[in-house]
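*Asks:* In case you want the letters, here they are:
There are 2 protein chains.
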Amino acid sequence: MTRLFNDPADFADEMVDGFVAANQSRVRKVHGGVARSTTSPEGTVALVVGGGSGHYPAFGGLVGHGLAAGAAMGNLFASPSAQQVTAVAKASEHGGGVLLSYGNYAGDVLNFDAAARALADSGIEVRTVRVTDDVASAPTSEAHKRRGIAGDLCVFKVAGAAAERGDDLDTVTAIATRANDRTRSFGVAFSGCSLPGADEPLFTVPEGRMAIGMGIHGERGIAEADVPTADGLADLFVDKLLTELPDGVDAHAGQRVVPILNGLGSVKYEELFVVFNAVQRKLTAAGVVVVEPEVGELVTSFDMAGVSLTLFWLDDELEQLWAAPADSPAYRKGGAVPQEQVAPETLAADEQAPVTPGTEASQASAARVAAAITAIRVTIDDHADELGRIDAVAGDGDHGIGMQRGSTAADRAAQDAAARGAGAGSVLAIAGDAWSDKAGGTSGAIWGAALEALGRVLGDDQRPSAATVAQAVHAAVEAVLAFGAVPGDKTMVDAIVPFDQVLTDRVAAGDDLVSAWSAASAAATAAADATADLLPKMGRARTHGEDAVGTPDAGAVSFALITAAVLSTVSVPA
Amino acid sequence: MTRLFNDPADFADEMVDGFVAANQSRVRKVHGGVARSTTSPEGTVALVVGGGSGHYPAFGGLVGHGLAAGAAMGNLFASPSAQQVTAVAKASEHGGGVLLSYGNYAGDVLNFDAAARALADSGIEVRTVRVTDDVASAPTSEAHKRRGIAGDLCVFKVAGAAAERGDDLDTVTAIATRANDRTRSFGVAFSGCSLPGADEPLFTVPEGRMAIGMGIHGERGIAEADVPTADGLADLFVDKLLTELPDGVDAHAGQRVVPILNGLGSVKYEELFVVFNAVQRKLTAAGVVVVEPEVGELVTSFDMAGVSLTLFWLDDELEQLWAAPADSPAYRKGGAVPQEQVAPETLAADEQAPVTPGTEASQASAARVAAAITAIRVTIDDHADELGRIDAVAGDGDHGIGMQRGSTAADRAAQDAAARGAGAGSVLAIAGDAWSDKAGGTSGAIWGAALEALGRVLGDDQRPSAATVAQAVHAAVEAVLAFGAVPGDKTMVDAIVPFDQVLTDRVAAGDDLVSAWSAASAAATAAADATADLLPKMGRARTHGEDAVGTPDAGAVSFALITAAVLSTVSVPA
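Going down the list, the protein sequences come from chains R and E. For the first sequence, full-length UniProt numbering begins at 1 and goes up steadily by one. For the second sequence, full-length UniProt numbering begins at 1 and goes up steadily by one.
If you're looking for bench data, these hints aren't it; they were derived computationally from the structure. One thing to keep in mind: the hints can contain errors.
The list makes no distinction among identical chains, and a pair is therefore deemed to hold if it is satisfied within one copy or across any two copies.
[To be verified] Restricting the straight-line Cα-Cα distance to at most 30 Å, the calculated cross-link-like pairs of lysine-lysine (DSS-like) are:
id, residue 1, residue 2
1, LYS537, LYS145
2, LYS537, LYS240
3, LYS145, LYS240
4, LYS29, LYS333
5, LYS29, LYS282
6, LYS333, LYS282
All figures in this text were calculated on a predicted structure; none of them were measured in a lab.
Generate coordinates for the entire structure from the input sequences, incorporating the hints supplied.
*Replies:* Next up, the structure:
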């Protein structure tokens with residue numbers, strides 16, 4: 001929700017003032033909005049855009065060289081007045097006439113049309129191109145009634161570039177019209193936004209559901225469905241837009257297209273990139289060629305959670321104009337220094353580290369080690385959600401995912417190394433390296449070091465005895481302690497120290513490995529449970545100390561789970 | 001919350017793939033993250049940054065000419081592994097050594113330090129600069145323990161620019177260190193974020209409250225307070241940071257400073273600009289000179305609602321490096337074509353339209369018209385919240401604010417015109433123009449046209465009779481009807497048509513103006529209430545038709561309120 005404002009009635013004015021203060025090298029404030037603060041050649045066309053506020057970077061963020069000459073900035077979600085549009089156009093024009101372009105909404109049409117009449121009355125040549133890209137807002141037969149959403153950017157960008165290269169008003173208008181004809185968008189929303197000072201969101205979507213085709217002001221969509229996966233959303237978008245091809249576009253013939261994946265506010269970049277990964281894959285599979293895409297926030301609605309995909313079907317001239325330089329507060333193209341691309345490399349295939357072949361006895365042990373690591377992966381997969389939940393209480397909730405990534409990579413590496421004849425020690429070293437590499441974070445580094453220490457003691461020569469296994473575990477514990485935690489800090493150390501002690505004691509007392517391991521694992525489980533009583537001392541967890549009392553440490557719990565899971569592999573005769 | 005993902009364990013990998021697909025002209029995927037896809041001169045220093053994912057544009061978004069040479073991209077909120085950092089550094093370096101720079105978090109220190117050792121072992125010169133800008137995370141006496149937040153950008157930007165101009169490794173390191181020493185940040189959070197696949201947010205802040213000094217992973221802050229106004233937040237930020245001046249910086253001596261107002265995810269641009277407006281004002285008042293600020297999302301935490309202010313205290317060299325060109329996916333400086341600024345103009349003072357002086361009789365009427373417009377402003381102010389709430393049911397919730405802006409502007413213009421001797425007709429025309437100009441949207445245009453039509457009939461000559469007033473109202477109604485709505489559409493037309501009829505009939509029947517107006521106003525109120533039973537037909541409201549049944553139309557209600565409010569001015573003898 002919108003939280004930061006002073007008097008809600010002053011919000012739009014203060015927003016414009018702050019925007020101008022932050023972007024003085026590109027824009028200056030004029031009555032009703034902003035115009036470029038940079039000079040433009042006399043006689044060129046001025047592209048004037050605009051609409052309600054609340055959609056940044058639309059519309060003021062798109063004023064600058066190669067894009068708009070000015071933007072009329074209305075109140076929140078309300079069209080600028082005819083006076084505002086007129087004043088911005090007069091301040092922006094430089095002798096070549098004015099192209100008014102904006103999304104097709106009733107209030108905007110009313111006020112921009114009135115402004116067009118006022119401008120014409122004062123002797124300024126004016127044309128208008130309304131953006132109508134949203135396929136959900138009207139059927140194909142009434143495409144001119146569709147509203148404008150992120151497709152605004154396509155139309156503004158090529159019109160701005162055409163104006164910048166000196167095209168006359170009729171040519172710029174024709175290009176903008178063609179760009180609009182070749183632009184289609186489709187969007188979904190997960191939750192609404194609230195206006196400054198409002199107690200409630202402007203509209204809502206039930207949790208876990210999405211409104212398909214909902215507009216950027218909450219205009220009702222065409223259907224509602226469960227929120228799909230990222231890939232599922234990409235399917236929905238691409239499939240729909242491939243049935244909405246503009247006249248004359250054949251999507252299956254190497255046709256070039258600009259995709260714009262637009263976030264409406266609180267769907268964030270990381271999610272957009274995951275969706276775009278699938279969009280790019282699907283478009284490529286459909287035979288179309290993706291050109292200079294945009295993934296980010298281009299037309300927003302405050303913090304509305306929503307996404308749209310726009311496809312801008314290029315022709316040669318439109319592609320040239322799309323690629324032309326632009327330099328506005330929120331949209332820039334063309335670096336200051338032309339960059340040379342590195343030669344396309346053959347991606348170095350993941351080099352497999354050469355393995356030290358083990359003796360026959362050690363290869364037998366290696367098979368058990370590899371089985372143990374599979375057991376680790378399986379138990380972590382089974383408990384990943386639970387570990388994440390526990391970790392979120394005191395840490396950052398990533399323990400489940402981190403352990404999952406680490407154990408998955410370790411398992412793959414271990415099976416591969418064992419298959420290539422590595423001894424037990426080498427299998428553990430290779431698995432440890434893969435674990436720490438893929439898991440990252442502190443726990444990844446710790447588990448990597450632990451497996452590596454285990455492997456160092458087991459070696460590649462013999463089938464280890466119970467005593468050797470106990471020594472190896474002790475070495476692994478030492479490696480973990482080297483990271484600095486001590487018992488009582490509420491970390492995995494609280495579980496591994498008793499595990500080590502019981503295992504060493506029982507093996508020394510003559511127990512077989514299976515019963516010694518079983519007893520040690522029980523001790524680790526009890527110790528992990530007991531961490532619930534502790535106050536965390538380390539790292540980020542420290543900052544949430546009190547909350548964490550009552551919940552065990554995720555690292556201690558995952559360690560205890562792992563000791564239990566590998567028991568079956570300890571007990572299988574070689 | 002994070003909604004769009006496939007398998008949460010694959011999120012970070014798919015995110016990197018999508019990011020690279022969207023930005024191929026600048027970055028290429030390498031093991032562990034990304035490196036530039038553009039060439040760099042042999043022998044220059046490679047700045048390698050990195051950290052956990054979930055903070056876009058940190059860190060991959062900052063790779064490109066003039067900024068980082070590569071970025072290690074860890075899992076969500078988890079440090080990249082030492083192997084990842086090492087691999088990215090090896091892929092990014094081009095003979096001049098590597099500067100590792102990253103925010104100061106335990107996991108990152110662990111893994112980057114291990115990578116530094118591995119790189120040194122393989123013969124690559126390495127230095128490290130940790131960013132420690134967050135003043136909330138440790139006292140001044142332990143400034144080296146502070147964590148890094150949006151100040152990352154300051155350090156990376158100047159280090160990248162120094163590397164690009166060919167400085168050697170020790171020089172780049174010294175510059176990065178100096179930048180970090182001169183950078184301070186302070187932040188607040190209003191709500192937490194949730195990781196992909198998590199059912200609950202990682203942390204929460206009570207509604208209406210903010211955590212002061214909370215970290216970007218939800219690390220506990222130093223205090224909690226009610227959410228302030230935008231100006232109040234600017235005060236909090238600037239006051240705190242002016243007490244945290246780096247050694248040798250005197251904030252009151254024309255010292256130059258870069259402010260960075262950073263949104264964490266769902267606090268949006270419009271809000272940030274409103275806050276920045278106050279930040280800029282306060283800094284200027286404190287005597288410091290604001291240089292090339294940044295307002296936007298530079299270091300985020302998914303959709304966390306939070307804001308931070310960073311102050312980067314410049315010296316001559318740092319300013320030069322800050323201003324140098326950069327061209328990364330998320331951060332670009334320096335346009336493709338150098339732009340010339342327009343000459344600073346004396347802002348044209350708002351030209352006062354010359355008023356037609358009214359006759360004495362008309363000036364007396366003008367005073368009553370001006371009083372009526374004041375009464376309109378007062379009643380709209382009193383009911384603005386209620387009108388917004390009603391409008392949110394069927395429209396976009398802006399009716400209250402729009403009417404408020406319009407009536408406030410109209411009142412100011414009317415008082416001014418009346419004071420300058422305008423007749424009643426001119427006062428109404430001027431007020432109408434101000435109303436439609438400032439309110440914008442459809443309702444602004446309608447009210448502007450209505451006042452203008454009223455004024456046209458009343459003229460500037462005589463004191464109008466009851467019959468003239470009724471004729472004027474009828475003309476205003478005609479002007480409103482010209483916008484296209486008809487009775488039954490659930491618009492203000494449903495209230496103004498009965499108002500017009502009753503007024504005309506009662507005046508024709510010989511009633512005095514006060515009782516006729518009073519009866520007409522009662523009819524308008526009843527008609528406005530009755531719009532609750534109607535299904536809206538017009539504009540955006542149409543899309544929420546069913547929801548709107550049971551709630552009256554906001555435009556009809558505000559019209560009825562206005563007719564009641566001006567009754568007292570109708571009844572005061574001239």
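*Asks:* Within, between, both or neither: how does the pair LYS333, LYS282 come out at a Cα-Cα threshold of 30 Å?
*Replies:* within (26 Å within a copy, 33 Å between copies)
*Asks:* Go through the copies and call it for LYS29 and LYS333: within, between, both or neither, with a Cα cutoff of 30 Å.
*Replies:* Both: 23 Å inside a copy, 22 Å across copies.
*Asks:* Between the shortest in-copy and the shortest cross-copy C-alpha distance, which are at most 30 Å for LYS537 and LYS145: within, between, both, or neither?
*Replies:* between (62 Å within a copy, 16 Å between copies)
*Asks:* Please sort LYS29 with LYS282 into within, between, both or neither, judging by C-alpha distance up to 30 Å.
*Replies:* between (43 Å within a copy, 20 Å between copies)
*Asks:* Which holds for LYS537 with LYS240 at a C-alpha limit of 30 Å: within a copy, between copies, both or neither?
*Replies:* between (53 Å within a copy, 28 Å between copies)
*Asks:* Given identical chains, is LYS145 near LYS240, meaning Cα to Cα at most 30 Å, within a copy, between copies, both, or neither?
*Replies:* Within one copy only: 19 Å inside, 52 Å across.
The structure agrees with every numbered hint stated previously.
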